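**Q** Got chain A sorted already, so can you dock chain B onto it with the hints?
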Amino acid sequence: MSDVSLATKPAAFDLAPTASATTPSRVREVFLPGDARRQTTFGTLRRRLRWPLGIYTTPVVILIVWEVLAQAGVLKPTYAPAPTDIAGTTVELWNDGVLGADLLISLQRAGIGLAIGLSIGIVTGVLGGFLRVGEYVFNGLAQILNTIPLLAVLPLFVVWFGIDELTKVLLIAFGAGVPMYLNLFAAIRGVDQRLIEMARTTGAGSWRVVTRVLLPGAIPGFLVGLRFSLAYSILGLVAAETVNADEGLGFLITQAQTYLQTNKVFVGLVIYSILGLLADQFVRTLERVLLRWRPSYEAT
Amino acid sequence: MTAATEPRLETGVLVEQVVRRFGDRVVLDRLDLTIENEELVVLLGPSGCGKSTLLRLLAGLDRPDGGRIEVPAKRAIVFQGDRLLPWQRVLRNVTLGLRGADADERARKALSEVNLAGREKAWPKQLSGGEAQRVALARALVSEPELVLLDEPFAALDAITRLRMHDLVRELRRKHHASMLLVTHDVDEAIALADRIVVMSNGRIGEPHRVQLSAADREASVAREELRAALLADLGLASQH
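Sequence lines, in order, name chains A and B. Quick note, the first sequence lines up with residues 33 to 332 if you use this note's numbering. Quick note, the second sequence lines up with residues 12 to 252 if you use this note's numbering.
To give an idea of the chain A side of the interface with chain B (calculated C-beta under 7 Å), a few residues:
(1) R226
(2) L227
(3) M230
(4) T233
(5) T234
(6) G235
(7) P248
(8) W325
Derived DEER-like restraints, expressed as beta-carbon distance ranges:
(9) B:N213 - A:L173: 49 to 57 Å
(10) B:R181 - A:Y88: 53 to 61 Å
(11) B:Q137 - A:V169: 36 to 44 Å
(12) A:G66 - B:K120: 39 to 47 Å
(13) A:G194 - B:Q137: 53 to 61 Å
(14) B:K120 - A:V302: 53 to 61 Å
(15) A:P181 - B:A84: 54 to 62 Å
(16) A:L198 - B:A84: 53 to 61 Å
(17) B:A84 - A:Q140: 55 to 63 Å
(18) A:L322 - B:D115: 19 to 27 Å
(19) A:I180 - B:A84: 46 to 54 Å
So these bits of chain A aren't anywhere near chain B, every CB distance computed over 12 Å:
(20) S57
(21) V130
(22) I176
(23) N178
(24) L188
Simulated from the structure, these hints should not be mistaken for lab results. Predicted, not measured: the structure shown is a model, and the values here were computed from it. A virtual CB, placed ideally from N, CA and C, is assigned to each residue, including glycine.
One chain only, chain B, in its complex shape:
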């Protein structure tokens, strides 16, 4: 038992043979996944394939029915909805998990990183969808986590705001050195952000796709189109393309 609870890695994420069942339905079927330090892995898959289930396991919100999961203790989640406390102003929402006298100072810095300096005193209901999601990002990053889990964080945003958020994520990765797992069903979002893309189906993860493209090539290039076609094929959508 001690061998199982003993950590094996210094950094990153290790998921081994993880099983998760809901009644008779096996959602995660002996799934393996590793995430390197400072790597951004995108988990791609259709709705209801178990992406969020896996993310909740990594977050420690649920326990697996089998297998082993190893994650850093310092981790943060950005959910699909902003999940801001409507009765707390923006700044207090960001300081929710912080301790110490410099909490406000750190929260202000985190808010300015997501371009929301000056909005500290706003109520969440006064924010637009994109602003609220940026506050959620700030709330996740303010504790300087080693792992950031993003559960379709931009799915509810409009296309233009989503592109701005992608730029913001790239910028934040330069300042924060954390491993990231981004769950999405958007192939273009995956290509825009990932170091590595894994496609999930039937409770397992398929062959990984490494993405080593420049920012410009991610926008438009032959390699991008090939990657896109390969991802669509993995998702079983090849015939439509």
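Pulled out of the complex, with its shape left as it was, chain A reads as follows:
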């Protein structure tokens, strides 16, 4: 833009030198303290009101539009029942005692599966990260398992472990374990070599190097792994429960699907998404505590 104006300027000078002298030729910027306005209570109030819902603004807007369209009859109840209808169904199911029991059994499966998967993922990840032997033993296997889709192993698991709880729990463990291993391994190997070298020159022993340099340095990667593990475990939960179950959230959805009770399907979906949100919040809280040293967390 400025190039163009410079190129045309000489011609303008020739034609009307006085005109170009009166118009400002250089664009200038003035910066003033940005927090002068914020300090007033009115300013803070206005800022709060501008985005009162933060990142949840879009979901809420979608919900409102959805509700309006459903009430207006544009969306059919079998296609997408109104949010208020879904909420009503949820309360109804809860009062019937169906939802509570299903939720409990689902959470139990997810909890056991996560515990197994994370334990295996963390132990192998630490061994693989610290020891070359560990890398040779676990890394190839983990890379292969990582390429196998969770849903593809489900039929095999059914054949191997039957249609009972074991298959479901192991599927969740599989989903949680692999990303935890891969991320933890990469995180430990990714710790700055210069810091390890420095620690050794101070006379710190291997234990010190592990506990003060390698493990804390691997925590950001560990948290990434945890995020993936939680997400995949919920995915595993859905997959396991929709195939063969007589209780649990997945069963609720499959049953509702069979009888075309779309509102019940949505109840299941909403609960799954809430579980996902809670898992995300959990990791965020962990980050706030464990990554205090990062400058980006100082502001909050």
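**A** Below, chain B without anything else, positioned relative to chain A:
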């Protein structure tokens, strides 16, 4: 073999005919260097001449391809970057290599020596460049080493902070009785701090320059200018002066 591994000196540093190669490139070519007890030797040379390679050998981080190196077991390094652990507070960074119940106490003392008392609880990311490098100095000195290796420790600092650091180094030398090797490419820094300056080129060390000037003479004097000219000549920069 036992004669080679047997120590010959009580104190200081002894480097004899040391060779270091990277592939076909010979970086250190039968290099000799001695550092006396409590002496501060400045190793001067242009970037990439092998200064840091030699320092890493003295630190024991790498092994030589030939020759013999003898250094005290109690030694510490200050690197060009501060290399502080970002996830540990300042105090824990200093106690990294310490053992015993008095570790915190000693670290506090070391921090107050580098004028950072009261900053023990800060995170490294909250420190300025000069402060971070002072923490690195404290971390090196807290173990009371017999040899301190400084690898261009002030190269990344601004000119004013660098001068303050020079004062600090002089002050610390009065309290800590250690041999020091300071690697730098800054002629003025060398003159400001050294007992002896050695210039490195082509993988070897040239004739040493003893510096026996008072603090004031190091700032400005005829002898200083002569030394500076001689050092620049050794570095092959005489024509520019």
